[in-house]
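Residue numbers (the numbering used here), protein chains in the order written: chain A, 2 to 242; chain B, -7 to 241.
Worth flagging that the hints you see were computed from the coordinates, not collected in a lab.
In this text, a Cβ means the ideal position worked out from N, Cα and C, and glycines have one as well.
Honestly, I wouldn't trust all of these hints.
[As the list claims (entries may be wrong)] Simulated coverage check for chain A against chain B, where a stretch passes if three residues somewhere in it have a Cβ under 8 Å from a Cβ of chain B: (1) 49 to 57; (2) 220 to 227.
[What the hints assert, rightly or not] Reference excerpt, derived from the structure (chain A facing chain B, CB under 8 Å, subset only): (3) I79; (4) T85; (5) I101; (6) K103; (7) I107; (8) Q123; (9) A145.
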Amino acid sequence: MTNIIETQGLTKEYGGVRVAESINLHLPEGKIYGLLGRNGAGKTTLMKMILRLVHPTSGTIELFGQDHREEPGALHRIGSMIETPGFYGNLTAWENLTLIGKLRGIHKKEPLKEALELVGLQDQIRKPFSDYSLGMKQRLGIAAAILHQPELLILDEPTNGLDPIGIKEVRIFLKELVRTRGTTILISSHIISEMEQLADVVGILHHGRLLEEMDLKDHLNRGGEPLEPYFLRKIGGGGIA
Amino acid sequence: MRNLITCEGLKLKRSKILLLSIIGVFSTPCLMLAEALYTHFREPDRIFTLGDIYDSSLLYVMILTNLMIYVTITAYLFSREYGEGTLKTILPIPVRREGLLTAKFAILLIWVMLLTLVTWGGVLVLCSIYHHFFDLEGYSLLVAGEWLIRFLAGNLLVFLTLPVFAYIGIKAKGFVAPVMASSVIVMGGAALSNQDLGALYPWTGAFFLASGKLTETGYSPAATLGAILLVFLGGTLLAFRHFKREDIR
Chain A
2 MTNIIETQGL TKEYGGVRVA ESINLHLPEG KIYGLLGRNG AGKTTLMKMI LRLVHPTSGT
62 IELFGQDHRE EPGALHRIGS MIETPGFYGN LTAWENLTLI GKLRGIHKKE PLKEALELVG
122 LQDQIRKPFS DYSLGMKQRL GIAAAILHQP ELLILDEPTN GLDPIGIKEV RIFLKELVRT
182 RGTTILISSH IISEMEQLAD VVGILHHGRL LEEMDLKDHL NRGGEPLEPY FLRKIGGGGI
242 A
Chain B
-7 MRNLITCEGL KLKRSKILLL SIIGVFSTPC LMLAEALYTH FREPDRIFTL GDIYDSSLLY
53 VMILTNLMIY VTITAYLFSR EYGEGTLKTI LPIPVRREGL LTAKFAILLI WVMLLTLVTW
113 GGVLVLCSIY HHFFDLEGYS LLVAGEWLIR FLAGNLLVFL TLPVFAYIGI KAKGFVAPVM
173 ASSVIVMGGA ALSNQDLGAL YPWTGAFFLA SGKLTETGYS PAATLGAILL VFLGGTLLAF
233 RHFKREDIR
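All chains, please: the whole structure from these sequences, using the hints.
The structure is reproduced here in structure tokens:
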């Protein structure tokens, strides 16, 4: 199977401190890859390096089979949401999406309406972003990420601030995207149950190191431990086990 | 690029700072009217013209009030993306970092020119009220038109000094540092506004050039323009270099 993202020896240092260390990540096409790790494990830094927000100290990134440094145009094929969505507080949801649409070269209203309907915000479009609740902000972030029907979605903790029903809706929605559009998804979370229900492939990140990549179904079929005890054992208990 | 500039304009929709900046620069015409009335009642025999009022207002525009407002809007334009966490949304679209900064400088230029027009127009309108009651010498659109050219040229020179504040805004990721820097610059400007050496200080130099007072200092226009261009190039290079290399954390 073709890998949509492949990193080799990806490393990032801030002032001599390694926050990502020699990461070799492989994200197969059409799969949901769950990056699992504690807060500060390096999940966001890894995603930011893939999105060119953070410059790697060393290592390579291949996106869609092309070297990321030589082919930055691959970003056009990606939708992303990193941490809490960043939008302009003085603009409404509709204006924020219009702005992003313009920058993406989308000048029609239909894709905007469709994205807002998909995340259930179609009745809240006239509200300024600053008046949105955290859950609504997350939904708008997802709407902006899927606006251009990307082949790859990179979502950093997308269910933060969502209530249990919202979390379930996002899960169903993401699975539907993979099923109907063949979208590949890289998603991060520190909530193990969420990863267990959503991801096809799980990567365990700890102290900036990718400890393991595994096909979750294969792992369980082989009689492997459930994800929670396995994860805790892998990261050395984290003082919990 | 036009798309990026349009988007920068859209980002200002419903933004309070736009209105505040207009009110802020309108303070200069109000001060001029107050000064004219004060002079009229205190020294009724003293004759002053529309040109005199524009001349006085140019000092406020280029060295004091407007400069501080320009620095504030520069800091706002260049640092708000950090405050609102929008770079992580905009840059992966992808938007080229250099393109984003260029669009911000373009919208800053438009904004500065708009505020210049507001100040110039404000002086004209308020002076027309004064002229209606007390008859202002030399009140004519022709004189105002001549000063409009000086205002636009002078503020274009002031604009060239703003990239250094953009750099400080990007580096500090907020309002405070550029505004503090501007207060130092304004103090320096006030101190040098009647000194010959002011010709080499970019902010007073720009004022001397626009007001036609440079010849009195003995320095050549090339020296003053050189100082302004040095600040422009330094600020621009620093801003672009830093923003291009920066990690968005």
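Going through the hints against the structure:
With 6 residues having a Cβ less than 8 Å from any Cβ of chain B, the segment 49 to 57 of chain A passes the three-residue criterion, so the hint holds. Counting residues of the segment 220 to 227 of chain A whose C-beta sits closer than 8 Å to any C-beta of chain B gives 0, which falls short of three, so the coverage hint is violated. Annotation: interface hint on I79/A holds; nearest CB of chain B at approximately 7 Å, less than 8 Å. Contact between T85/A and chain B, as hinted, is supported at the beta carbon level, the nearest pair being about 7 Å apart and thus within 8 Å.
Interface restraint check: I101/A against chain B, minimum CB-CB distance 7 Å, threshold 8 Å, status holds. Among the interface hints, the one on K103/A holds; its C-beta lies about 6 Å from the nearest C-beta in chain B, closer than the 8 Å criterion. Look at I107/A: its Cβ only gets to about 11 Å from chain B, farther than 8 Å, so that hint breaks. Hint status for Q123/A: violated, given a least beta-carbon distance of 21 Å to chain B, over 8 Å.
At its closest, the beta carbon of A145/A sits 7 Å from a beta carbon of chain B; the interface hint therefore holds under the 8 Å criterion.
Of the numbered hints given earlier, the model fails hints 2, 7, 8; all others are met.
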